[in-house]
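Trainee: The listed protein sequences correspond, in order, to chains W and Y.
For the first sequence, counting from 1, position 95 maps to 91 in the numbering used here; every step adds exactly one.
Here the numbering used here runs 14 ahead of the position in the second sequence, where the first position is 1.
No lab work stands behind these hints: they were computed from the structure.
Every residue, glycine too, gets a C-beta built ideally from N, C-alpha and C.
There may be inaccurate statements among the hints.
To be clear about the criterion: a stretch of chain Y counts as covered by chain W if any three or more of its residues have a C-beta under 8 Å from a C-beta of chain W, and this derived list gives those stretches [as the list claims (entries may be wrong)]:
1) 49 to 62
2) 65 to 72
3) 118 to 127
Sample of chain Y residues facing chain W (criterion: CB under 10 Å; computed from the structure) [as the list claims (entries may be wrong)]:
4) Val18
5) Gln20
6) Ser21
7) Thr45
8) Leu104
9) Ala106
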Amino acid sequence: GENVEQHPSTLSVQEGDSAVIKCTYSDSASNYFPWYKQELGKRPQLIIDIRSNVGEKKDQRIAVTLNKTAKHFSLHITETQPEDSAVYFCAGLNSNSGYALNFGKGTSLLVTP
Amino acid sequence: ETGVTQSPTHLIKTRGQQVTLRCSSQSGHNTVSWYQQALGQGPQFIFQYYREEENGRGNFPPRFSGLQFPNYSSELNVNALELDDSALYLCASSSPHGGTYQETQYFGPGTRLLVL
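Given only the sequences and the hints, what does the whole structure look like? Please build it.
Mentor: Following this line, the structure appears as structure tokens:
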């Protein structure tokens, strides 16, 4: 089945700096890649997603890039703010074989003022 | 916040007992997926229900079972609880199969289960 690797496991940046989280996947047929933000004690919240027919997607300070050849995708957060501090999870899904999201192990992002 | 709700929020059980967790999907969503999230880990897929039938299952033993009701709400049942079953159990709902963005899953707040 799909295996999603996520790096780094922890990331500390200063407010205003950019943060980048990278994920690789093993199933070349995966075609949907969401990113979730999970604050302590809260539900995973979908923040952005990308489908395999697109190379990049942006929503305000958040962007995701996808490289299908290399089988990796990345989350970019610009102008980070303390409220961006949370655990971020990437996931992959092959909609042709079902709808199970395969998650990475998460990145704990800390934005210090 | 999503319209996905779960109950109860917290639960304490002892080893060997049985537990039932409940999930109400977002309005208009007929597909419910269940995930187990151990502390410090990403969610792991348990199974998915669509139109009251199991529509895919992850690497979980048969003592994990589920139901979906005509109103698309769902239950997760776990028999013969083990200490390792202690985790946050999340359900996620998604829009109808064949529809636009059917892959997109919205999570409920979860049920935190502690097995002693």
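Trainee: Against this structure, judge whether each hint is valid.
Mentor: Cross-check of the supplied hints:
1. 49 to 62: holds (count 8)
2. 65 to 72: holds (count 3)
3. 118 to 127: Check passed, 7 qualifying residues.
4. Val18: This interface hint holds because 8 Å falls under the 10 Å limit.
5. Gln20: This interface hint holds because 9 Å falls under the 10 Å limit.
6. Ser21: violated, 14 Å
7. Thr45: holds, 7 Å
8. Leu104: holds, 7 Å
9. Ala106: holds, 8 Å
When held up to the earlier numbered hints, the structure conflicts with hint 6 and nothing else.
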